[in-house]
Amino acid sequence: MDVPRLPALSETIRNLYFHVCMWFCMMILFTVSVIYAIKYLRSNRLVHDVYSRQFVAVGVVFGILGYATGAIWMSYTWADPNNSSFQSFSAVAREPKLIGAAIALLIYFAYMVLRDSIPDIDKRARITAVYNIFAYALLFPTIWIIPRILPSLHPGGENGNPALDTNDVDARMRLVFYPAVAGWTLLGVWITTLKIRFTLLKEKRLLHG
Amino acid sequence: MAKLKYLLICVALLLFCANLYAQTEGEKVEMADTMRGNGRIFVVVAVVLVILIGLILYLVRLDKKISKLEKERE
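For the protein sequence lines, the chains are A and B, in the order given.
Our numbering puts the first residue of the first sequence at 198, with every later residue one more than the last.
Our numbering puts the first residue of the second sequence at 5, with every later residue one more than the last.
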């Protein structure tokens with residue numbers, strides 16, 4: 198596949214199919230998770246709680262992968278110790294998008310810690326379902342809103358929506374990018390269903406034995 | 005006489021200095037620039053490898069958990 202030849206990015210623009218897809222997948226998994234959290238609060242069925250928890254767990258994995266790949270990508274596009282026209286690493290570390298994404302991930306780490314620290318099953322399900330809704334509400338300011346307000350090296354500062362903007366992403370790349378988002382998301386959903394089936398088997402044993 | 009000696013040493017040092025300068029400009033310094041060369045395609049390779057290794061490790065862990073459950077069943 199041919200890609201647009203851009204300065205500073207060159208071939209690394211191909212990371213769009215990987216790094217950006219990781220975050221899309223994470224957002225979708227967290228969205229499904231919050232839907233199941235609300236479903237649990239409405240129905241009180243523990244199955245929904247298991248669904249909600251596993252979607253968060255896999256979403257966090259994709260978030261970490263997105264963060265790690267972003268760290269590699271920015272090391273070679275934003276910063277260059279041998280080229281004074283690039284930023285220094287200390288300037289890159291103050292990037293609002295990085296800090297926001299780190300906060301968002303830490304909030305979801307706290308979800309896992311909170312969950313495993315409550316022994317009572319019903320109480321755990323109820324408290325973490327409510328926490329999940331709060332975490333989801335905080336996800337938007339930390340990764341969508343604040344990085345757009347502050348000046349940022351990351352795409353999507355003053356020039357609108359990264360990846361989704363029709364003026365921003367080349368048509369040839371969108372041909373690969375959208376199926377890639379769908380593919381990575383389906384992979385994430387498949388891993389989640391494996392984990393859900395596993396947990397339900399284990400819980401069944403706990404409940405009956 | 006002593007002054008002349010110092011002067012000569014200074015001139016000699018300056019000569020060395022010019023020599024060093026010429027060397028850095030003339031020769032191409034060999035550095036590990038692979039990640040910044042070839043249109044930086046290796047950055048994409050690194051990103052893909054991170055994702056693959058991350059997902060595979062996660063799935064291996066899940067596999068181990070499932071085998072443990074299977075063993076307990078027997």
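In case anyone wonders, no lab produced these hints; they're calculated from the structure.
Be aware that a few hints might be false.
As the list claims (entries may be wrong) - Listed next, the in silico DSSO-like pairs over lysine-lysine satisfying Cα-Cα at most 30 Å (straight line):
1. A:Lys401 - A:Lys320
2. A:Lys320 - A:Lys399
3. B:Lys75 - A:Lys236
4. A:Lys236 - A:Lys399
5. A:Lys399 - B:Lys69
6. B:Lys9 - A:Lys320
7. B:Lys9 - A:Lys399
8. B:Lys68 - A:Lys401
9. B:Lys9 - A:Lys401
10. B:Lys68 - A:Lys399
11. A:Lys401 - B:Lys7
12. A:Lys401 - B:Lys72
13. A:Lys399 - B:Lys7
14. B:Lys7 - A:Lys320
15. A:Lys401 - A:Lys236
16. A:Lys236 - A:Lys320
Stated by the list, open to error - Facing chain B, a subset of chain A residues (Cβ under 10 Å, in silico):
17. Val255
18. Phe331
19. His351
20. Lys392
On a predicted model such as this, the values are computed, not experimentally measured, just so you know.
In this text, a Cβ means the ideal position worked out from N, Cα and C, and glycines have one as well.
Check whether the Cα positions of Lys401 of chain A and Lys7 of chain B lie no farther apart than 30 Å. violated (97 Å)
Does the CB of Lys392 of chain A sit less than 10 Å away from some CB of chain B? Holds - the Cβ of Lys392 of chain A comes within 10 Å of chain B, reaching about 7 Å at its closest.
Hinted pair, alpha-carbon criterion (30 Å max): Lys9 of chain B, Lys399 of chain A. Please report holds or violated. Given pair Lys9 of chain B, Lys399 of chain A is violated - Cα atoms ~90 Å apart, limit 30 Å.
Given Phe331 of chain A as an interface hint, is its Cβ closer than 10 Å to any Cβ of chain B? violated (26 Å)
Does the alpha-carbon distance linking Lys401 of chain A and Lys236 of chain A stay inside the 30 Å limit? Roughly 21 Å separates the two Cα atoms, so the pair holds.
Holds or violated: Lys401 of chain A and Lys320 of chain A, Cα atoms, limit 30 Å. With a Cα-Cα distance of about 18 Å, the restraint between Lys401 of chain A and Lys320 of chain A holds, given a limit of 30 Å.
Interface hint check: His351 of chain A, Cβ to nearest Cβ on chain B, cutoff 10 Å. Holds or violated? violated (16 Å)
Proposed proximity, Lys320 of chain A with Lys236 of chain A (alpha carbon, max 30 Å): holds (16 Å)
Given hint Lys69 of chain B paired with Lys399 of chain A - CA-CA distance at most 30 Å: holds (10 Å)
Proposed proximity, Lys399 of chain A with Lys320 of chain A (alpha carbon, max 30 Å): Satisfied, since the Cα-Cα distance of roughly 19 Å is no more than 30 Å.
Given the hint that Lys7 of chain B pairs with Lys320 of chain A, test it: the Cα-Cα distance must not exceed 30 Å. violated (91 Å)
Does Lys399 of chain A sit within 30 Å of Lys68 of chain B, going by the straight-line distance between their CA atoms? holds (14 Å)
The structure does not agree with the numbered hints 3, 6, 7, 9, 11, 13, 14, 18 and 19 stated previously, though it agrees with the rest.
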